[in-house]
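Trainee: These protein sequences, in sequence, are chains A and B. Position 42, counted from 1, in the first sequence is what our numbering calls 105; the numbers after and before it change by one each time, with no gaps. Position 110, counted from 1, in the second sequence is what our numbering calls 137; the numbers after and before it change by one each time, with no gaps.
It is possible that some hints are incorrect.
Stated by the list, open to error - Lysine to aspartate or glutamate pairs mimicking EDC-like chemistry, simulated, CA-CA at most 16 Å apart:
hint, chain 1, residue 1, chain 2, residue 2
1, A, 112, B, 128
2, B, 47, B, 92
3, A, 112, B, 125
4, A, 115, B, 128
5, B, 68, A, 71
As the list claims (entries may be wrong) - Computed footprint of chain B on chain A, listed as stretches where at least three residues anywhere in the stretch have a Cβ under 8 Å from a Cβ of chain B:
hint, stretch
6, 107-113
7, 163-172
If you're looking for bench data, these hints aren't it; they were derived computationally from the structure. Owing to the predicted nature of the structure, the values given are computational and were not obtained by experimental measurement. C-beta: ideal position from N, C-alpha, C; glycine also.
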Amino acid sequence: GDSVTQMEGPVTLSEEAFLTINCTYTATGYPSLFWYVQYPGEGLQLLLKATKADDKGSNKGFEATYRKETTSFHLEKGSVQVSDSAVYFCALRPSGNTPLVFGKGTRLSVIA
Amino acid sequence: GAVVSQHPSWVICKSGTSVKIECRSLDFQATTMFWYRQFPKQSLMLMATSNEGSKATYEQGVEKDKFLINHASLTLSTLTVTSAHPEDSSFYICSARDPSETQYFGPGTRLLVL
Chain A
64 GDSVTQMEGP VTLSEEAFLT INCTYTATGY PSLFWYVQYP GEGLQLLLKA TKADDKGSNK
124 GFEATYRKET TSFHLEKGSV QVSDSAVYFC ALRPSGNTPL VFGKGTRLSV IA
Chain B
28 GAVVSQHPSW VICKSGTSVK IECRSLDFQA TTMFWYRQFP KQSLMLMATS NEGSKATYEQ
88 GVEKDKFLIN HASLTLSTLT VTSAHPEDSS FYICSARDPS ETQYFGPGTR LLVL
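The whole structure should be built from the sequences, with the hints applied where relevant.
Mentor: Laid out in structure tokens, this is it:
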């Protein structure tokens with residue numbers, strides 16, 4: 064079935080460091096891909112998305128490119144801040160009217 | 028962006044009582060809403076898919092008589108945990124899909140059953 068695999072955390076970085084959180088997926092057809100962020104004690108917020116191959120989603124300095132050839136959607140940010148500390152979830156929607164399939168989440172801690 | 032609200036944000040109840048959680052899409056109509064459960068430091072587990080005006084579709088292993096879902100309007104879905112027990116304590120998150128098929132999530136409801 065459809066699945067999402069993302070790197071296990073926790074990831075601890077110093078402020079202004081470069082961030083990469085790997086995400087790969089398995090799906091039939093042409094899924095849409097998403098990154099969600101969950102701050103402590105809160106629900107999930109959509110961070111960015113891409114709906115077709117080679118699309119790049121971006122928001123708040125975060126970027127991810129839909130790579131069909133490697134079935135990946137890695138999340139990157141050039142310079143992280145303490146306020147970026149959260150859990151990041153990669154997700155896919157297989158097609159049409161289907162629910163999201165989530166990865167297990169990666170906890171990021173940014174220290175000053 | 029689109030906003031989804033949940034109420035209450037947290038609830039403490041005695042074992043055996045029922046708890047209702049509301050989920051509202053505030054600025055769009057959602058024909059489809061989802062209910063998730065999240066255990067500490069784990070991912071979201073889809074419990075059920077709720078379509079306006081029809082019965083919810085439950086995921087395998089989720090008791091439909093335990094977790095009653097009603098989606099009476101295009102902006103409101105409710106989850107009722109019936110006869111709650113301590114093992115039902117969890118973080119419940121709803122999600123609503125907008126017409127562009129983007130899923131937006133509520134802030135979650137933390138349930139503690141004593």
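Trainee: Against this structure, judge whether each hint is valid.
Mentor: Structure-based check of each hint:
The straight-line distance between the Cα atoms of residue 112 (chain A) and residue 128 (chain B) is roughly 12 Å, inside the 16 Å bound, and the hint therefore holds. The suggested pairing of residue 47 (chain B) with residue 92 (chain B) holds, with an alpha-carbon distance near 14 Å, which does not exceed 16 Å. About 14 Å separates the Cα atoms of residue 112 (chain A) and residue 125 (chain B), which keeps this hinted pair within 16 Å; it holds. With a C-alpha separation of about 14 Å, the suggested pairing of residue 115 (chain A) with residue 128 (chain B) holds against the 16 Å cut-off.
The hinted pair formed by residue 68 (chain B) and residue 71 (chain A) meets the criterion: a straight-line CA distance of about 12 Å does not exceed 16 Å. Residues of the stretch 107-113 of chain A with a Cβ under 8 Å from some Cβ of chain B number 4, which satisfies the need for three, so the listed coverage holds. Interface restraint, the stretch 163-172 of chain A with chain B: holds (6 residues with C-beta to C-beta distance below 8 Å; minimum three).
In the structure shown, no violation is registered for any of the earlier numbered hints.
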